[in-house]
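Enquirer: These are the residues of each chain, in order.
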Amino acid sequence: MLPLTSRFSSLPAAQGLYRPDSEVDSCGVAMIATLRGTPQHRIVQHALEALRNLDHRGAVGAEENTGDGTGIMVQLPDAFLREVSGLDLPPLGQYAAGIAFVPREADGRAAVLETLERVAAEEGLRLLGTREVPVTDGLVGPSAEEVRPDFVQVFLADARAERTGLELERAVFATRRRVEHATEGYFPSLSTRVMVYKGMLTPVQLDEFYPDLRDPRFASALAIVHSRFSTNTFPAWALAHPFRTLAHNGEINTVIGNRNRVRAAEGSMATDAFGEDFSRLLPITTPGGSDSAGLDEVAELLHLSGRSLPHALMMLVPEPWENDESMDPDLRAFYEFHAALQEPWDGPAAVVFSDGTQVGARLDRNGLRPLRYWVMEDDLVILGSETGVVDVPRSEVVRTGRIAPGEIFLLDLEAGEIVPSDELKHEIATARPYATWVKEQKVALGDLPRREHISHSRSSVLRRQQTFGYTEEELRVLLAPMAAKGAEPLGAMGTDTPIAVLSDRPRLLFDYFTQMFAQVTNPPLDSLREEIVTSLGVSIGRSRNLLDATPQHARQLSLDAPVLDSDQLAQLLAVDAHPATADFHTVRLRGLYPVAGGTAALRARLEEICEEAVAAIDDGATFLVLSDRDTNQVLAPIPSLLMTSAVQHHLVRTGRRTSAALVVEAGDVREVHHAALLIGYGASAVTPYLAMESVEELVERGVVSDLSPEQAVANLAKSLSKGVLKIMSKMGISTVASYRGAQIFEAVGLSQELVDTWFPGTISRIGGIDLEVIAEEIAARHALAHPVDGVHPPHRGLPVGGEYQWRREGEPHLFTPESVFRLQHSTRARKYDEFRAYTDAVDEQHERLMTIRGLLRLRTDDSPAIPLEEVEPVESITRRFMTGAMSYGSISQEAHETLAIAMNRLGGMSNSGEGGEDPERLHDPERRSAIKQIASGRFGVTSEYLTFARDIQIKMAQGAKPGEGGQLPPEKVYPWIARTRHSTPGIGLISPPPHHDIYSIEDLAQLIHDAKSANPAARVHVKLVSRFGVGTVATGVSKAHADVVLISGHDGGTGASPLNSLKHAGTPWELGLAETQQTLLLNGLRDRITVQVDGQMKTGRDVVIAALLGAEEYGFASAPLVVTGCVMMRVCHLDTCPVGVATQNPELRARYAGRAEHVVTFFQFVAEQVREHLAALGLRSLDEAIGRTDLLALREDQRALTALGEAKREGLDLAAVLAAPEIHPGDFPRRRRGQDHGLEKAPDHPWIAAAEEVIDARAGTVRIPGQVRNIDRSAGTLLGHEVTRRTDGAGLPDDAIVLELTGTGGQSFGAFLPRGVSMHLTGDANDYVGKGLSGGVIAVGHGAGTGPSLTSAPIAGNTCAYGATSGRLLLAGAAGERFGVRNSGATLVVEGIGDHGAEYMTGGAVIVLGPTGRNLGAGMSGGTLFVLDLDPSCLNPADARGFSVAPVREEHRGFVLEALRDHLARTGSDRAAALLADEEELMGRLTEIAPRAFLTITAIRDDAVAQGLDPDANDVWNEIMEATHG
Amino acid sequence: MADPRGFLRTRDRELPARRPVPVRLMDWREVYEAREKGTLSVVSRQAGRCMNCGIPFCHQGCPLGNLIPEWNDLVYRDDWEEAAERLHATNNFPEFTGRACPAPCESSCVLGINQPPVTIKNVEVSIIDRAFEEGWVRPVPATRHTGRSVAVVGSGPAGLAAAQQLTRAGHAVVVLEKDDRLGGLLRYGIPEFKLEKRHVDRRLAQMREEGTRFRTGVDVGGTGEGALSVEELRSRFDAVVLATGANVPRELAVPGRDAAGIHPAMDYLTQANRLVEGDWLGEPISAEGRDVVIIGGGDTGADCLGTALRQGARSVTTLAIGTQPPSERDESQPWPTHPVLFEVSTAHEEGGDRSYLASTTGFEVGPDGAVTGLRVARTQFVDGRRVPTPGTDTVLPATLVLIAMGFTGAREQGLLEQLGVEMTSRGTVVHDGSWATSVPGVFTAGDCARGQSLIVWAIAEGRSCAAAVDEHLMGGSSLPRPVRPGEKPVTV
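So the sequence lines, in the order shown, correspond to chains A and B.
Going by our numbering, 57 is the number at position 54 of the first sequence; the sequence numbering is gapless.
Going by our numbering, 523 is the number at position 296 of the second sequence; the sequence numbering is gapless.
The set of hints was computed from the structure by calculation and includes no laboratory data.
Keep in mind that this is a model prediction, so the values were computed, not measured.
Hints are not guaranteed to be accurate.
[Stated by the list, open to error] Chain A side only, calculated, beta carbon under 10 Å to chain B, not exhaustive:
hint, residue
1, Glu775
2, His795
3, Val823
4, Arg825
5, Thr1139
All C-beta atoms, glycine included, are put in the ideal place defined by N, C-alpha and C.
Based on the sequences and whatever the hints tell you, model everything.
Expert: Structure, rendered in structure tokens:
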């Protein structure tokens, strides 16, 4: 079947490092309907208007007139069609119509239409006729035009005029699928009920392109519109939304696994809904479809085979029912039952769907995409990603609302009503006795009889540790900490060892896979603080017909977590011995092969196991245990991952995958990454038996003390399970069920053949090892346990390791004792020849083929060298150098300033890192950091901080731990750190995994716009981490108008990171950079953005290679740190840095000996080397080098140190890295022109003009009236910037400038508003109101005359006041999810909030005069919450244990009352007025919530102040430490 | 690591007490108080100062690649047995290095950048002493024999290390020693007060039990009694390891050198050690009642000093030709290089004078042909060379002069000459990257390959050479190779 991507699409084929599968998109969506159910043209007009007002959520690429795609779904416009078709159509409901995208050349067109006619006839239908859909020529851009189809409306009816309604719809569905399978035609819709018009258009083009949409006769009672923001610029007509049943804003992260399981389930699907031979409709999901297209196809099938659309969506996108004890039991049972049939399609999703009479919307379990709605007096309902998308009289609004996570919003147009979500869900959940079925059928593992524990001898454990390649280091560094603490260990300073394929040693197959992670297009989740949405539990066993529901469907075994110990596995193995579970059946398959037989034996055994699996299932097995136990002298273990994936894919291919669950009993698993891979490739559970036996032994040997072996094993299991959850979260996946089989890994260093055979669907781009090398690696490990000569060297049980800490006999590192010493010595003594000794040592290591750049050579032989004097000078090169983002907090003030001073002297840039900057440094040109970072914690990100930045960097991910947040433990939050971060000394600080204002690419575009508005002169950088698809993301970033994109290597340093992230997430920068350069060029977007790169940059050669691969600027972090004294202790996270670099301990800081001039010398030396390389290449400047991959070639003169190393490298193919796509006309291989930020469209300009006098005088007041619309984004930010800039950061007296606004505020209303500016808005506002509020006042009220129905109605969107540091936000209505996240000092008043309110708050106050969502105060470590009529179950249970929850304290009454009076005065809130009428009652209803540690510390500090002491003094600090940690 | 803040809790080095000088001068026993079990807690505390570095420079500073952070941690956690196991993973003879190594590991300890380094050497010797006491040091015989035979010529640290490694790999190994006792410099070069010979004997006993065969008094290529011809050596063994040491002393060619009472330091120390062992039958060189001058300010000089003082010298003066080294590291010797510092060794504690910039220009000889004094001039530096400043001569009385100026290379006469191995101009045996000499099947390690060096280097080379020999015999080897031939410590 022709993939969707090759129909009417210019999506390029895979080339270089680019793969079309990396494409993702995100968007704006809206729905307009009338509850009166009468089709009207007005609805269509409103929808098109909404679409235009969502324009900013979509994007355009290199061509201004080619959009990313847009479309509209309406009811079948019956009256219109009757008139324009010229056909005698049967009554509505008895015919189907739809637009066919047909090839423009005659043959292709005829093929589609002829096939349609034939297939229709076979399905008992008749083609009534066709109509050419008129379109406007010359409108779309050239690239969209090139692949444009023709548009033919087709009309079908039952041949015998018998079938109507759903029956007819099913026949039409069958016809459509078959035609699409057989031809290159595509039908946006073909239905008796709805019709879709869509294409590669911009929102403003849609109705101009399709004049039908402007015809007054074209009427519908509902319309769904969608505007797409794709990360690429390749037009694909079929991938525009809406699809046949839905439009989707978001991203399905688990789509690979979902598609695989749908495919696997096809074998067991049965229904008579579509007549005989269901298989003619297969496959269900069309190859090449987007995630949304897949979701649509499955929803459509579930719907047409008998379930309602809401039912289907509740199955596909379930709420988090697993941990929600308060959920309606029937509803929980519904979800639990369906979990046995279908795992969640997981990811950020706002889905708007319709079957023509019902239209509705569903949000994913996290509520990561916004949906707001208005209901008007005349029964018009408007729903959209934003509020204010249709210009209707505000006075006629009778109800506003927002869709909550897991909610279903449904309009029934026939009944003319909005169906309440709870009612709808209850009705669906009780339609069948799901609860009874689950109760009677489901078995928990714990219910099975216990088995006796088996222990193993020390020598047996050792022998098998050798067999599976264990090292001493792994026992010490990985297993012991997990066994002792039940959590994964942390490390620091990145990784500088070779990736597996470049290692000379045998490496585990796991090491060849790297974790993908969410980056920009979807957010990572917060598995700690937002645990309520996650689930580790899985239900395993035989899955039955997806299209049916019987009690038998629930007959499964449930596991609490995916890591089982050996005893639990023994229970599972004996399941059929127990009479109550005798219908289950477990079969163990042996993953061993005769090692002497080499590759052939390995392959043969793998194939045999696959057949055994099939036979076992056919024999009735419900659980297959893939085991590598019982190795011996002859039999070696097959890597568990290879075996798992082989069986998984064989079962998918043979249609048996859903018939039994895979459980893996693996000796090679000892890390989180390993377990995560096995589950990611299809295992339902893992038993790492040898790791468990190893920790038992560690306890016996006393290495792990104070606990029993059982506890150690339990701790290990817990660490691994939690670690898997964390890895899932990094990818944005909430449940193990949907993570299972999702294959969210990239292979680095596996041959295509190996991947295609055993790991199909996995991306592997530079070739690599084949099965032969895997067999060699197995044999090498096996020989250690069973030496061929029979001699075990004494005292040498296991290899030493050396992966995490350097060891002479271990894995080589780029930083060795010698390179550290030479680097320090040469820069301190300013000896260039010594420096060469350092770079020679490093470059020589590269050239020992330790890195990808080490495999490359500069083609100096092919180009005539030029004299060194002709090359640009050192000073112009050092301007392109950056130091990495290291927060003040992770490193000492001394080290931080050393780097800043050095870079400022060089004209390069240092980076503040996350953590703000002290005003005294901020305004000191010598010591300030040129780049100010915005990270997810938003510490100290104020208007002043941004205004006085040279550049602003948005950190999306960090090389050492992409997809994860950060943490500064309490004992490192010294007073001076706390001050800079606007927090409290002695209270730990957390940066969440996601930016809570970036869940998608259009959100990032918004933050870029915010940052640009906060400082128009600064370049805005976006920092990404190299992984598959980073080029695509970078393209999206370029389209989102970033000035600079930074590609970080996976190996970058860090203060603290879980070891699995340090080692196993992301890819080397060479891959990410080359992919970025290639993808930007493919899209014609390279010339508007600067590309930066960093990650273990150490020498001039590194810089030149980066330049040739496409980078214009270069970041260094570890190397300059070493120059300042760092000796790679890798203990940054312990605050014990003995050289005073990565510590806040004053005593250790005193040992700091770094000097800025040494760092200057380092960069000058590097630049000098760059010059030498350039001269040798015949280039006069770095500019001339950028993107010149033709000057790179593969080294052929170097060999690996071992035969194994040589064999590994033989399969590598770097051609893809060196590929250079053709350059679009007008594009350029480096940045040559800027981005158009559209700041001139900001509403602020007249306001600035009006306020100028007050600002410059720093006195007086001014009131400025104005109007805003939803398209006015970041309103007030530019004005705020002017105030901050012209007052040197001081701001103005409160209310100096008051904006009196009406209308709907666009996103980021009042972002970073500084002191002195007040924004009073009558109307409502969208997401991110008061983001980064910096002292200003924002007040939003519904306004007088809106009536009581709007009291406390939703007035603002999600994530308001995120990272606010001071000021006031007053909302006379409810706000959405994540209100006040990371507030550190502002006062926020609101009349109701969604889930996750006040998350991570560290200071300030939040007053909630209405209901709160769930998970209130998660991770909150400071500040105070005042909640009216608190429902305590809403508090995050883990954090609430540390909270003081009490009536309002006497001393706070005045504060609360004053805040509410201010709220009333500025917003006119009815509710505030009513509450203030009886202050005593009000106080009785309010609860004050604050973290106890915060109260303790505040009290200690207040006491100190009262005694006239400095609260930051050492004694006070010690007292704080004692009180909180004593 | 058990205690990441250990180095902040324990600031200073703590070393075992030395016995009072007057007491220890009365005997030859080691200068340190015997290690009581109670003092092991001090050692644990010191081990707890180890910072478990990401790059353990100590582990690089040690030629053996001792897994210092690992056994520090084990000692800190009181798991001495496992510590001994990890110590033996890289070091055959920690009881030798723990006593007689100048500890480049401590020079490169990261804590040493700005604090007193961890007392690594003392931790090491404490581990191994405890291990012997507890009976944890057991013979580790090969489980399988290869049927190949190897001769190791020389029983110093390099030869013994190679022999132990090869025996454990299953080869039949015979150590051939020219002297009457085993141990080479360990036995006769290092005074008893630094390394009691019982430690050597204890280790030799283990080796014997493992199956290493020892033959003393075998002069390979010699002519006298016990001589073994080179032909026999070659035909009897599948491979030969030359570990004969660098035994040609550097001479001082000044007038009067032939006078009686002027001896190379090694002759003196050997005789003294034999005396202690009780098997010197002739008239020894004795310092008793004499004015002793030692030429050479290195470790050997200090060994002579301690020996002379114990023999009852009237006075002892040590002359060093160079400047007095600084007592702390300066910029010219940055961390982690092993600096030359002004050291007060245990012998210096015991007495004697030290004189710097002292160039000996000649000897005063009495009528009996015996030395009576030295003419010493002040050293000056000319083009980097050290030469006497004319006109600055003074006379220093001396009745016994010991020349401790190091060694120039291996003695070529006899074995090396007859084997026909190629030699370097520095008097060392030429060898390739796998320790093979120019003669097939003949390998070399230790001072005869490298030139005069430290015990740790000798052991490291012996181990590495063993791996090469094993590979030569078997086609592959799993034995460790801590150093490559010619590898040098990090220097500026």
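Enquirer: Going through the numbered hints above, which ones does this structure break? Give me the numbers in ascending order.
Expert: 1
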